[in-house]
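Once you have looked at the hints, place chain V on chain E.
Chains as they are written, first to last, in our numbering: chain E, 1 to 118; chain V, 1 to 118.
No wet-lab data here; the hints were simulated from the structure.
Given the structure is predicted, the values throughout are model-derived calculations rather than measurements.
C-beta: ideal position from N, C-alpha, C; glycine also.
Careful, some of the hints might be misleading.
Derived Cβ-Cβ restraints for the label pairs, each shown as a range [claimed, not checked]:
(1) E:E43 - V:M1: 22 to 32 Å
(2) V:T87 - E:N76: 26 to 36 Å
(3) E:G17 - V:E21: 12 to 22 Å
(4) V:D29 - E:E5: 15 to 25 Å
There are 2 protein chains.
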Amino acid sequence: MSTQEIANAFTILCKNGQFEEAGHRFWSDAVVSLEPLQGDMAEARGRAAVQAKGVWWYANHEVHGVRVEGPYVHGNQFVVRFSMDVTPKGQPRVSMDEVGVYTVQDGRIVEERFFYGS
Amino acid sequence: MSTQEIANAFTILCKNGQFEEAGHRFWSDAVVSLEPLQGDMAEARGRAAVQAKGVWWYANHEVHGVRVEGPYVHGNQFVVRFSMDVTPKGQPRVSMDEVGVYTVQDGRIVEERFFYGS
Numbered sequence: 001m002s003t004q005e006i007a008n009a010f011t012i013l014c015k016n017g018q019f020e021e022a023g024h025r026f027w028s029d030a031v032v033s034l035e036p037l038q039g040d041m042a043e044a045r046g047r048a049a050v051q052a053k054g055v056w057w058y059a060n061h062e063v064h065g066v067r068v069e070g071p072y073v074h075g076n077q078f079v080v081r082f083s084m085d086v087t088p089k090g091q092p093r094v095s096m097d098e099v100g101v102y103t104v105q106d107g108r109i110v111e112e113r114f115f116y117g118s
Numbered sequence: 001m002s003t004q005e006i007a008n009a010f011t012i013l014c015k016n017g018q019f020e021e022a023g024h025r026f027w028s029d030a031v032v033s034l035e036p037l038q039g040d041m042a043e044a045r046g047r048a049a050v051q052a053k054g055v056w057w058y059a060n061h062e063v064h065g066v067r068v069e070g071p072y073v074h075g076n077q078f079v080v081r082f083s084m085d086v087t088p089k090g091q092p093r094v095s096m097d098e099v100g101v102y103t104v105q106d107g108r109i110v111e112e113r114f115f116y117g118s
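This is chain E alone, in the form it adopts within the complex (with noise of 0.2 Å):
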């Protein structure tokens, strides 16, 4: 599959909420998921470790909707926007506005790397 196709399957999983499929289809092994924080949520590396990652975001947020919207390609890299309106567990309900930009390699995302708007 090229990037393109890679790119339009996996945004199709997460438009429809099929995000834990979308990861399980089209990550790497040694895939590496980063965010824009300091300390032990800044990365995960490994399939496993990305899979308890989205295990533990799913059981401390609670999701009332998500928007997806791309993918924009370029090269072996795509984005998809994730707007998105949660309740962070014992928090008030929040938008999160944030983007991600994924490398692919061999047929696989070997990077996911989150930005997040202010």
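Below, chain V alone, put in the same frame as chain E:
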């Protein structure tokens, strides 16, 4: 200035329609501009070449409106989304949806990489 501050200032200029001013103010002399295209338009290297690309673009597109969203920041990079309503010279009016991923070093933009929506 931090990447967040540069991203904010750059994006505000874009939101005000001051795209050339945004470049003049923040491009490194060695800036590289990358488009997901084949041939001469794929890469412009250096401030003079990137400025010339902008001059060419404005001469060949009638801009009816631009919506600018962002910035989204991670480390020394930021992302801006551009939704444009334009008429390329001699072609039908179209909607263009793209994002730019900007890389900052020493307070200047050293790379702008554009991703196209489809």
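Structure-based check of each hint:
no.	hint	in the structure
1	E:E43 - V:M1: 22 to 32 Å	holds, 26 Å
2	V:T87 - E:N76: 26 to 36 Å	holds, 32 Å
3	E:G17 - V:E21: 12 to 22 Å	violated, 41 Å
4	V:D29 - E:E5: 15 to 25 Å	violated, 38 Å
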